[in-house]
Structure formats: structure tokens, C-alpha cells
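K.L.:
Please take these sequences and the hints and turn them into a complete structure.
Each chain is listed here by its residues.
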Amino acid sequence: MAQVTIRQLNKVYEGAVHAVKDVNLEIPDREFVVLVGPSGCGKTTTLRMVAGLESITSGDILIGDTVVNDLAPMDRDIAMVFQNYALYPHKSVYDNMAFGLKMRKFDKAEIDKRVQHAADILGIQQLLSRRPRQLSGGQRQRVALGRAIVRNPQVFLFDEPLSNLDAKLRVHMRVELRKLHERLGTTAIYVTHDQVEAMTLGDRVVVMKDGLVQQVGDPMTLYNTPANLFVAGFIGSPAMNFANVTVVGGEGGLWVETKGLKLRLPGALASRAAPLTGKSAVFGIRPEDLRVANSADPAEYSMDCEVEVVERLGSETLLDTRVGSETIVAAVEPMVAVRAREKVRLAVTPDRMHLFDAETEKAV
Amino acid sequence: MVEGGLWRRWVFFYIPLTLFVFVLLFPFYWMIITTFRPDGELYKPWNAVAYQPFWTNNPTFEHILYLFEETMFSKWMFNTLLIAAVSTVISLICGVFAGYALARLNFPWAGGLGTTIFVTYLVPQTLLFIPLADIIRNFGLGDTPWALILTYPTFLIPFCTWLMMGYFKSIPKELEECARIDGASRFQAMYHIILPVAVPGIMSAGIFAFTLSWNEFIYALVFLSSPEQKTVPVGVTSELIRGDVFFWGPLMAGALLGSIPVAIVYSFFVEHYVAGLTGSVKG
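From first to last, the protein sequence lines stand for chains A and B.
Using our numbering, the letters of the first sequence correspond one by one to residues 1 to 364.
Using our numbering, the letters of the second sequence correspond one by one to residues 1001 to 1283.
Fair warning: there could be bad hints in the mix.
Now the in silico label distances, taken between C-beta atoms and shown as ranges [stated by the list, open to error]:
#1 B/1106 - A/244: 44 to 54 Å
#2 A/113 - B/1188: 18 to 28 Å
#3 B/1013 - A/108: 52 to 62 Å
#4 A/109 - B/1028: 55 to 65 Å
#5 B/1188 - A/109: 51 to 61 Å
#6 A/60 - B/1188: 39 to 49 Å
Calculated cross-link-like contacts (lysine-lysine; reagent style DSBU-like; alpha-carbon spacing at most 30 Å) [unchecked claim]:
#7 A/209 - A/168
#8 A/91 - B/1044
#9 A/105 - A/91
#10 A/259 - A/343
#11 B/1173 - A/108
#12 B/1173 - A/168
A short, non-exhaustive set of chain B residues, derived as facing chain A with CB atoms under 10 Å [claimed, not checked]:
#13 1105
#14 1106
#15 1173
#16 1174
#17 1177
#18 1178
#19 1179
#20 1180
#21 1182
#22 1185
#23 1188
#24 1199
To be clear, the hints were calculated from the coordinates, so they are not data collected in a lab.
The beta-carbon is built from N, C-alpha and C at its ideal position, and this holds for glycine as well.
P.N.:
This is the structure:
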């Protein structure tokens, strides 16, 4: 077990594609860190540099106290689970799991003990003599995990390990992975493009875009106080609503205003937004922080919308509405009696309002 | 399969298929029937009484016996087998390593080098034998099996390299990366993981190379002169066509016996062969 330190990490591919830009990250021992972002954001490249499969253009990677920049993958004491599992098709499940130990010259009895133990943890004892092609997707996934576990490495690396599974199995394996981490406590770096996986698995989540780290934090910090427009839009499902607004001074403080929408900024947000007075900004509100207004809701925290689509999901109902030229989605109580093309008044939870600088895209 | 009525299936499927099979197999049938037909029937003019070109009622082994007793056919078979086997092994070893390097090692100019190797394969043998003949003469290898063992790889290695390169590219590179994280060096990863997975590709390349060298004609004709050094294709055509006299019986017997080893090799490995051309097993 060990901590992983990434310092000023850069990767420039031939042809001058700058894939990873000045990434800094401290991962303490036993932590489960998730790198998340859209495709091409540099998350996989970062992981592969930690694994030693990709050369480092500049910067340092430390596992424990050792700089591993120039160590071969085999000397880094890591294990990696790949998206396509990368099981050796000509070897049985047992030999797949034993291969790493054989290469490291463990004796037979120790290999057997470790493989059986890992098979036990993952519930694949009855599959040990099968070939990978005789296994289902979920079973292959377990074998790939088993191959990582037997080595008892300092760090686990996961490269989108669940994205080849169907939706139901993915949810199941997500829970299994979390349990496995609780049990083994090995430091883990996990790459995914799925923000739900990131939120549910990570002790901490690193959001990346265009090779840059956008924000690092525990899942609730990312959800409650996104650092910028990108993180705000990326984390959370359905995604946060955005509206291009102008910050204006008025009765009782600062307001955000656009066609069909005028809301008063609550105290703390208003004082932070003061420098933006008279300038354009982006107003953000999550669908779950909107509800159908009643007569008691003050006018300064509600807006009139025209419902375009009603999506009933059972546990909640999504209203796709139009406010002026902006589309606003609200997640409201399931039994709401609203139909398409009707007018509805939505109330905003004041302390859940977000405001972003239109130029820098940073949170206010 | 063709959709629609019965007549459509006949017109668009069965009849063309039958024609195709007939065109392909008739020469083999002709070869077999000529092998077993006595000379008396072979040289009967077409307008003679009871002329029966497609069948014989008096099958004979005289041509096959002639081949083994009066010519050096068994020696030619041995020569061909030796030359084809050794040049195949040499080409496979070079092709596997070169194909792996071009597919997996990111060295500068890898793409250009791959293309160059392919271009050398496109140089026609009918041109290449001229400079090669000079080299063979300078090294004093003329009229020895080495003349062919060393020249066949000039077209076999590019071929094997390209086939193996394509096959290695179809193997997910994660397999190898995983092996390297598991503790294998690049060479160990290749030996323990990549080569076993690439067996169908290696077998296809081997069968192809073996067949190409077995059937090769022009180099064998140019570089070998004494009858006891010849290969089957050259031996049969040069020793059994004397001037403008064709010894059809032994000629066809030689062709038949010469094609049997290739047929055996194909039928044994046909499944692997097809797998090799259509890509690897997905992990």
C-alpha cells in the first residue's frame, strides 16, 4: 500500500497534442480516487503514465517515496484492470490469475493459495478451469479483478472497467468494487467518463477537461460548490440548468435578469456577485432545486415557464420548460398535475442558486 | 442465400455455382484421368472410333511407375519439400519478428519501412531473378538447394511480415500491456502471450509461404540445372517435355503427385487458415 503523488505532470504527443497539462495530485494511502471527464480529457493518459505504459513528457510520479518515472511497468508494483478486461484468451481463468505470480517467480503453493483466496473473494471458484471465451461479461470482469488482487499490489489502476457491461450489471459491479475496496484498502485510481460512477465510487473525484484538472474534491463538494461552469454541468443528472443573464442592481440588492426571468440573488451570493454588476453572467440552478410554486412563494424567487414536455419517471417528474429563450428542466414531485403547453410557476430554492462569470466561467 | 422463388434460386445461385465449380475442378479431373489412362487411349485422334475422352475402362499405373523408375521424381519431391520447408521456416521467423516490430514498436519511420517491405513484394520475380542470378553465381550457390532456400525468402519475408503485421494489429494491445504490468518483459510478453494468441496467423503465413515455395517455378528453373537438383514443377516440365514431345501421362502423374502435399497441408489447416485471414480471437 502506498500513496501516489503526481507533480506537474505533462504529456505532449508527437504532432504537439498537449494531452495532459500540469496535473498535480496527492493520493493518500488507501484512498479511492476517480478521474472523470469527457473523452479526450487526458484522464486515461494520466492513468497510463502512472502505469508506465506511456512516457512522461515532464513532471514526476511517485509511488510511496519512489520516483517511478523511468521504471518499467513490471517494477512499479501496480495492477491494472482494462476496459476490455485483456484476459489472456489461451489461458484458463486460473492461469490468467496466476500469470503475474509465475512471472515474479512465486512458488507453486503460494500461487495456489493466493489464486484460491482471490477466487473466494470474487466468487469465481467454479470458473477456474474455464477459458475466458466461455465466460459472461460480468464473470470476465471478476477474473480481471482477480488477476489484479492476487498480486497484492501497492496501487490498483482501473481504466473504465465497467463500461463494457450492461446497465444493470454495471450498477451491481459498482457496489462490488466499492465493497472490495473497503475490504482490501488498496490505494486505487479509477478512470471513467460516467459521472454517476465517479460520484458513487470515489472518496475523491478529479474532474478533468482538455488535459486540465478542473476541480478536485469529495463528491458532495463537487455537487454543492462546483468550481466552474464545466464541473457544474458535468456533475449531476439531469444536468444543471444554465441561463445567460445580466447582473443588475435594484430593489433590495442584486438581481439576475434575462427575458422572462428576474430573480433576486440571496445575501451571500449577492455580495460575491457585486463586482459583476452590469455585466453578463451565467445563472445556474439544478433541476432538483426547482419545484412548482404555491401562493406563499415570494415573486423574487420564482419564474413563469411554459411546459414543453412532461417526463414521468415514477420517482419524480421532469418538466422541460421554456423561460424566455432559455430551456429550464425541473425535477418535481411525481404526481404533479401539469400537462404539456400549460403555464407553470416554478419556485427556486434561494441558497441553491449558482452564478458563474460569463468570461472566465468560474463560479462566483 | 438468394431470396425469392425457386427459379430465382436456380438462375442466380445453383447454375452459377455449378458452372464455377465445374470450371475450377475440371482441370483437376483432367489431370487425374490422364494419369490413369493408358498411352494407347491418350494418343488416339479425336475422330477415331470409340473415342472416349472423359473416362477410361483400362486404368493403369504405368505413368506413375514410369515417373518413379525412369525419372528422378522422388528426388525432386524431396528437394521441393526440403527447400519449401526450410525457406518457410526462415521466412516465418523473420516475418513474425518484423511484423511484431512494425505493428507494436513505435520507432521512427516504422510506417515507411512497412511500405518499403511491401513494395519489395511487388517487384515481379521475372525481373528480380536477373540480379539474383548474378548474386547466386558470385556466391557459387548455383545448382544447389541453397540457391532457392536463400532466394525464396525475398518474396516470402515481405509476405509473412505483412500478414503477421496485420494479425498482430488485430490483437488488443491491452493483452500485452497487462502482461507487462503483470511482470513480463517485452520479450516474455511476446513469448507467453502474443505468440500463442497469434498461432492462427502464424499458421496461415506458414501455409501460404509453403505453398508459394512449393509451386515456385521461375527461380527454380533459372538457378538449378542438373536433373538431380530440380524441384517438382521444374523437373516435371523440363524432363517430361522433350523438344515438342509431351509425355502427357507421366506429366500429369507428376502434376497430380506434386499437388497432393499442398492439398493435404491445406485441408489440415483450413480452419486456422481462414481464421488467420479474418482476424484474431477477441479477448
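K.L.:
With a cut-off of 10 Å, does the beta carbon of residue 1199 of chain B approach a beta carbon of chain A closely enough for the hint to hold?
P.N.:
It holds, given that the least Cβ distance between residue 1199 of chain B and chain A is near 8 Å, below 10 Å.
K.L.:
Would the hint linking residue 209 of chain A and residue 168 of chain A be met if the CA-CA limit is 30 Å?
P.N.:
holds (28 Å)
K.L.:
Between the alpha carbons of residue 91 of chain A and residue 1044 of chain B, is the straight-line distance 30 Å or under?
P.N.:
violated (63 Å)
K.L.:
Keeping to a limit of 30 Å between CA atoms, is the pair of residue 1173 of chain B and residue 108 of chain A held or broken?
P.N.:
Holds, because 29 Å separates the two Cα atoms, which is no more than 30 Å.
K.L.:
With 10 Å as the cut and Cβ atoms as the points, is residue 1178 of chain B at the interface with chain A?
P.N.:
Residue 1178 of chain B check passes; min Cβ-Cβ to chain A is 4 Å, inside 10 Å.
K.L.:
Within 44 to 54 Å: is that where the Cβ-Cβ distance between residue 1106 of chain B and residue 244 of chain A falls?
P.N.:
Since residue 1106 of chain B and residue 244 of chain A have Cβ atoms about 46 Å apart, the given range 44 to 54 Å holds.
K.L.:
Per the hint of 39 to 49 Å, is the separation of the Cβ atoms of residue 60 of chain A and residue 1188 of chain B within bounds?
P.N.:
Taking Cβ atoms as reference, residue 60 of chain A and residue 1188 of chain B lie about 28 Å apart, which means the hint is violated.
K.L.:
Measuring from the C-beta of residue 1185 of chain B to each C-beta in chain A, is the shortest one below 10 Å?
P.N.:
Interface hint status for residue 1185 of chain B: holds (7 Å vs cutoff 10 Å).
K.L.:
Closer than 10 Å between Cβ atoms is the bar; does residue 1188 of chain B clear it against chain A? Give me holds or violated.
P.N.:
holds (7 Å)
K.L.:
Is the interface hint for residue 1174 of chain B satisfied, with its Cβ closer than 10 Å to some Cβ of chain A?
P.N.:
holds (4 Å)
K.L.:
Is the gap between the beta carbons of residue 109 of chain A and residue 1028 of chain B within 55 to 65 Å?
P.N.:
holds (60 Å)
K.L.:
Does the nearest C-beta of chain A fall within a distance shorter than 10 Å of the C-beta of residue 1180 of chain B?
P.N.:
holds (5 Å)
Checked against the numbered hints given earlier, this structure breaks hints 5, 6, 8, 13; the rest are met.
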